[in-house]
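Participant: Sequence:
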Amino acid sequence: MSTDDESFHPLGNEWEGELESMLDDTEYDSQLGMDMARDAMRVTKGELSEAEFHEKYHEDVMEEFGEDERPTKEAYEKAQEEAKGTFSRMLDKFDGDGEQTRRETMKKMGVGAAAVGVGAWGTVDDGPEASVAEEGGHGATETHEKPDTQWGMTIDLERCDGCLTCMTACQEENDLDAGVNWMYVMAWEDRNHSSPDGGQGLTDSGAYTDFNMGSDFNMLVRPCQHCTDAPCEKVCPTTARHTRDKDGIVLTDYDVCIGCRYCQVACPYGVNYFQWEEPEVAYEDIDGLEDPEDPDEITHAEYEYGERWVDSRAPRGVMSKCTFCPTMQDGKQGEEQVGTTACESACPPNAIQFGDVNDERSDSYQHREHPVKSRAVAHLSGDHISSGRYVPEPDTVDETLSEGDDVESAIEALDAANDSTFDVEVLSMMKAIDIISERLEPDDNKNSTLLQNERTILESLDAIEEYVDLESEEALETLRLADGSEQEARAQLQQYVGKPSTFNLLDDIGTNPNVTYLGAEPDSNAYQVEGPTKYEDAGLLDKRQEKLDEETVGRVDGVSL
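Residue numbering for the sequence shown follows UniProt numbering, beginning at 1 and increasing consecutively.
What the hints contain is simulated information worked out from the structure, not anything from laboratory work. Please read all numbers here as calculations on a predicted model, not as lab measurements. Backbone N, C-alpha and C define an ideal beta-carbon position, used for all residues, glycine too. Wrong hints could be hidden among the right ones.
Result set (DSBU-like, lysine-lysine): computed pairs, CA atoms no more than 30 Å apart in a straight line [claimed, not checked]: (1) Lys499 / Lys534; (2) Lys246 / Lys534; (3) Lys78 / Lys45; (4) Lys332 / Lys45; (5) Lys332 / Lys446; (6) Lys73 / Lys246; (7) Lys56 / Lys73; (8) Lys56 / Lys45; (9) Lys499 / Lys543; (10) Lys73 / Lys45; (11) Lys56 / Lys78; (12) Lys332 / Lys78; (13) Lys534 / Lys446.
Ranges of calculated distance between the beta carbons of each label pair, as one might list FRET restraints [what the hints assert, rightly or not]: (14) Phe503 / Glu459: 40 to 46 Å; (15) Asp406 / Asp483: 16 to 22 Å; (16) Gly388 / Glu486: 28 to 34 Å.
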């Protein structure tokens with residue numbers, strides 16, 4: 001992520017300048033939008049309280065929009081009440097000296113300011129009746145508790161092969177116009193990371209194997225981060241941009257959005273889009289709308305229409321962004337789709353793991369907290385394995401092995417029992433997974449694919465151990481697991497799948513994003529380079545302005561990340 005010392009925006013001075021020019025094309029106050037975005041990020045950093053932020057811009061927002069429904073209003077109103085209470089307690093100190101002294105004290109303190117204004121907090125002394133700001137740390141961001149369910153992602157950048165399938169799936173799921181990309185897949189370089197010579201990925205160069213990742217490019221997959229403390233929401237005057245209480249996803253109400261684009265300026269990640277013209281897909285043609293001839297047809301954009309239309313493509317003049325597929329999370333596309341997204345389901349190398357980040361059984365949690373194990377599980381599971389290796393079904397094990405078989409003969413027999421490959425590396429990973437596994441049961445009410453696949457692997461291993469002693473010193477030596485300890489198991493898995501670092505984008509901003517990454521983190525001087533797959537080769541547009549004449553949704557890439 002490129003930054004500039006003179007810019008408040010994490011994406012740098014050039015990006016900030018483009019945002020300001022973009023606001024100049026709207027009917028709303030550009031300077032107000034820029035100032036609010038700057039201070040919204042100060043709120044997430046803890047440099048300004050939500051109450052102070054709300055008070056600072058309330059009159060200007062009312063004048064510009066005729067309403068001020070920003071979510072910071074609650075903090076402001078609470079601060080007013082606390083300030084009044086503090087002021088009243090201070091006056092109570094003078095009760096013993098009579099009403100005349102009380103009135104004089106009120107005059108001296110300036111009751112008009114002290115009783116109602118957030119700015120009056122500083123008038124209170126450091127004694128027992130300390131100021132509200134000091135009690136919480138002046139300028140501290142209010143605490144936002146996560147809901148019981150918080151949808152999020154863990155994205156393994158070292159598994160990403162840059163195929164852009166996730167972007168295509170998102171576009172098809174949401175009927176987006178060409179160039180309106182709700183997520184971006186980018187290759188990047190910085191001072192410490194370079195791209196392969198000749199622009200080839202591992203697949204094209206012939207260097208791809210089952211146990212390395214999908215590409216030797218440095219990849220970044222950038223959907224909306226669905227921040228717990230989202231600055232884009234803080235600047236929205238109408239509540240169009242809002243966070244759902246039940247699951248923490250950040251959405252835009254298309255019926256309420258007025259297209260001021262303040263959210264686009266306040267987003268540190270550059271993931272918002274403005275619909276300049278009539279969408280290419282007419283409203284009645286949006287995929288999944290109710291079919292009059294089949295009322296049980298799954299609804300899509302219309303499922304909350306008239307209440308909160310928050311899904312699929314936006315109408316003209318409205319902001320949009322990645323939604324985490326709320327129709328899926330609400331069970332509108334079948335209970336089996338709860339806890340999944342279109343991009344996750346489409347990803348060939350299983351780089352995207354979606355789920356409830358608060359639930360230890362979810363894919364996102366497992367991948368974030370146990371990346372080595374979950375990488376191994378992903379390698380050995382599902383239809384995405386291209387190398388031909390396989391984990392045998394328990395029935396196949398029963399039909400193939402005999403009691404007393406040694407490790408080598410068992411591997412040879414299971415390898416011969418299937419067209420796919422079963423070798424010592426597969427069995428070694430299966431046993432290593434067993435050693436470090438907590439054997440948690442998957443959650444049947446939410447998608448927990450990694451634990452389901454882990455259970456399948458362990459069921460197969462249990463079947464094998466009915467015939468083969470894998471705990472013996474000789475067997476552990478063959479499987480390169482030494483003494484069979486958790487330490488040795490982890491070391492062996494790391495030999496196969498690596499040990500990725502874990503990070504959140506712009507973690508120092510304080511937005512508390514709900515997307516976590518595994519792999520290399522770009523530094524402040526990272527820049528985008530051509531990746532293994534060109535956007536046009538995947539039927540995508542890299543830049544929306546290629547589709548429009550003069551007005552654009554803003555350059556999202558082709559500049560520093």
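Participant: Are the hints correct? Go through all of them and say.
Facilitator: Hints, verified against the model:
no., hint, verdict
1, Lys499 / Lys534, "29 Å, holds"
2, Lys246 / Lys534, "38 Å, violated"
3, Lys78 / Lys45, "21 Å, holds"
4, Lys332 / Lys45, "37 Å, violated"
5, Lys332 / Lys446, "14 Å, holds"
6, Lys73 / Lys246, "20 Å, holds"
7, Lys56 / Lys73, "11 Å, holds"
8, Lys56 / Lys45, "17 Å, holds"
9, Lys499 / Lys543, "35 Å, violated"
10, Lys73 / Lys45, "19 Å, holds"
11, Lys56 / Lys78, "15 Å, holds"
12, Lys332 / Lys78, "37 Å, violated"
13, Lys534 / Lys446, "35 Å, violated"
14, Phe503 / Glu459: 40 to 46 Å, "34 Å, violated"
15, Asp406 / Asp483: 16 to 22 Å, "19 Å, holds"
16, Gly388 / Glu486: 28 to 34 Å, "30 Å, holds"
Consistency note: the structure conflicts with the earlier hints numbered 2, 4, 9, 12, 13, 14.
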